[in-house]
Amino acid sequence: MDTTKEFIGKPVSLGMLKAENRRLEDRNRRRQIEQSINEYKRESAQIMTAIQVTTQNSLNIETENTVLRAELLELNARLQSLNETVSISLMKESNDGEGGRIQS
Numbered sequence: 001m002d003t004t005k006e007f008i009g010k011p012v013s014l015g016m017l018k019a020e021n022r023r024l025e026d027r028n029r030r031r032q033i034e035q036s037i038n039e040y041k042r043e044s045a046q047i048m049t050a051i052q053v054t055t056q057n058s059l060n061i062e063t064e065n066t067v068l069r070a071e072l073l074e075l076n077a078r079l080q081s082l083n084e085t086v087s088i089s090l091m092k093e094s095n096d097g098e099g100g101r102i103q104s
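The letter at position 37 of the sequence shown is residue 37 when you use UniProt numbering, and the numbering goes up by one with no holes.
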């Protein structure tokens with residue numbers, strides 16, 4: 001069996017050709033891996049940006065909820081005060097027959 005071939009006018013063994021083919025395949029695999037890594041890095045950066053935006057939106061919503069809770073407490077206190085005023089007025093009306101008018 002002839003184990004030598006000519007490659008660009010020079011004798012080359014089949015082992016050398018196979019080794020060269022392996023090197024080319026390895027180089028191609030390495031390029032594909034590098035491309036995949038770069039794509040994963042881009043995707044990762046996009047995901048991190050989306051997480052940062054979502055986190056900021058969540059913090060903004062939480063701040064707004066805190067303000068709304070404080071306003072709710074204030075409105076509940078005002079409503080309770082108004083209810084007490086109405087209750088006192090109704091009690092006064094039933095006691096003195098004045099019709100619950102508040103005198104100024």
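Take the hints with a grain of salt, since some may be wrong.
As the list claims (entries may be wrong) - Label-pair ranges, simulated between beta-carbon atoms:
| hint | residue 1 | residue 2 | range |
| --- | --- | --- | --- |
| 1 | A50 | E71 | 27 to 33 Å |
| 2 | P11 | R31 | 26 to 32 Å |
| 3 | I47 | E74 | 47 to 53 Å |
| 4 | I61 | N83 | 29 to 35 Å |
Please keep in mind that the hints were generated in silico from the structure rather than gathered at the bench. Beta carbons are placed, not taken as given, at the ideal position from N, Cα and C, and that holds for glycine.
Using the C-beta atoms of P11 and R31, is the stated range 26 to 32 Å upheld? At roughly 30 Å between Cβ atoms, R31 and P11 fall inside 26 to 32 Å, so the hint holds.
Could you tell me whether the CB distance from I61 to N83 stays inside 29 to 35 Å? 32 Å, holds
Take the C-beta atom of A50 and the C-beta atom of E71, compute their distance, and say whether it sits inside 27 to 33 Å. This hint holds: roughly 31 Å between Cβ atoms.
Does 47 to 53 Å hold as the CB distance between I47 and E74, or does it fail? Since I47 and E74 have Cβ atoms about 41 Å apart, the given range 47 to 53 Å is violated.
The structure is inconsistent with hint 3 alone, although it conforms to all the rest.
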